[in-house]
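Using the sequences and the hints given, assemble the complete structure.
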Amino acid sequence: MRYRKGMSLLIALSLILLNVLIPVEIKAYGENYDSKYIKVGLTSELSSKSTINLSGNSFSVVKGDNSFRELLEINTGKIVAKSKNFGYHIQLSDNYYSYDSALSKANELKNLGIDASVAYDNGFRVWIGEFSDESSASTFMNSIVGLTSDYMEVSKNDSIVSIEETNGRKIISFDKNQNICIKSTDNIISVESKKYRDYITFVNNNGKLITINYIELGSYLKGVVPREMSGSWELEALKAQAVSARNFTLLSLNKHKDLGFDICDTTHCQVYGGYNVEHPNSNRAVDETRDKVLKYNGEIASTFYYSCSGGYTANNEDVWSGTPIPYLRAKEDIFSTNTPHSNWLYTITKQDASQALRSNGFDVGEIISIETRRDSHGVRVVDFIVTGTKGSKTVSKEKVRAIFGYNNVKSTNYVIDDSGSTTPVDPGQTVDPSSNGEIYILSQGSVYPTKSNIDNLSLISRYTTEKINSNSMNIVVSDGKSYNTIAYNTNNNSSNSGTTNNSTSIVGDKITFNGKGWGHGIGMSQYGALNMAKAGYLYTDILEFYYTGAKVE
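Take the working numbering: the last position of the sequence shown gets the number 1131, and nothing is skipped along the way.
Think of the hints as simulated: they come from the structure by calculation, not from any bench. Check before you lean on any hint, since a few could be wrong.
[Said to hold, decoys possible] Computed list of lysine-lysine pairs in DSSO-like fashion (alpha-carbon distance at most 27 angstroms, straight line):
id, residue 1, residue 2
1, 683, 660
2, 1112, 975
3, 968, 928
4, 772, 662
5, 660, 873
Structural data, given as structure tokens:
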């Protein structure tokens, strides 16, 4: 095995002279977005491993401080990264000027029967042994004092990463603070079964390796866009996705700073598949929108996106907590009405729904009714009041989906049990319920809804007796098949008691959600972007439609 120091003094001096003699035009920092290096945590599949296999043509080990100064070259196609949590080691005091000089000293000690290897700790060092406690390290150090004239000291570090040959021979060790990166000489490095561009580095997190792809933002986007949108889709839609993903990335940097990386490769941030998932069309979209971002009033916009709006987008504050954002306004979206996710149904038993509510801190007992309240457009559910045998609770914002599962209740654009939902009627309109139907009175002052036969003159429950002539009550009438919400008025006619944005469902054995679209509904609908591209719109048109008042720059 041959390891070579990778810096030539003559070449370095020549490059310095060239930089002095030849003027170089550089974009102002902040505009050259795609050349910026970011750290992507590969947590989707590699989060619990203590050993990671790497393969490539051959490897360069570099200092990952944007100078990418080569520390050594490894002339083999396969190496292994391992976490080391031994705690203590013995360190020679000398700081060696090159890898080769440190390796020579380590080999000298090995010939004396001492387990020595090369490490990088603000320079090349020689480490001896692996010890679980300081006493064991000190005892061993004292036993070898006569074998070498080098000054030694016991050192502690419990988060070491060791790069080794496949036979276990150590090449170099380092900790997370040294920012050591590994690159295949052909720029495509395989990590287990997946390939990635640029550099790979590691953090030892309590004995498990966090694998990090240190990569240019533009190269990173090539592994994001085809995971978030099919690479076979229209080019202008892919361009819109590329800009949205670029914005999202720039605003998400340092999201996982405590773990040693900027952004993860899962839906928590953006789905990233590396080199394996790249597609010629999406690569072209990234290249042709290089450094392009969407801005609102000169600031990079938060470009949230999702699968399909179902015909109407959402206000950000109706889904997530926070103040209204001017460019994330609900609007009609005719481009998202004829897609694979335009319509959906989800049915759950009353028992399972009650359990789901209970598991999420909304224990109302057995569900009796659900009243949905909608946004100012009367389209999306912003909260619902669920009433059961133990009282009522309000479920708000994204929890109106989350409680039952995001893949089940796919959007907030839904109605509950269409056959059992109320239909708003004009004031004064008479509603004639069927004989022998059941009615519930939802009294403002009563915790438990009351239920009785429609032919009775009063409603008798185990807690209260209520007369039907109270203007303060919502009366829900059921004939066993469909339901109406009414209120008794002074003319002995039943009239509408709710707003056009509210509807109430009496729950039978099953609850059916009848909805449109898929996703949170804030910002760009991906299927809407596809249909706009098919209709001849440019990516700038698409972005400026979904993000009101924002401009591509």
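Structure-based check of each hint:
no. : hint          : in the structure
1   : 683 with 660  : holds (23 angstroms)
2   : 1112 with 975 : violated (33 angstroms)
3   : 968 with 928  : holds (15 angstroms)
4   : 772 with 662  : holds (24 angstroms)
5   : 660 with 873  : violated (43 angstroms)
Checked against the numbered hints listed earlier, the structure breaks hints 2 and 5; every other hint is satisfied.
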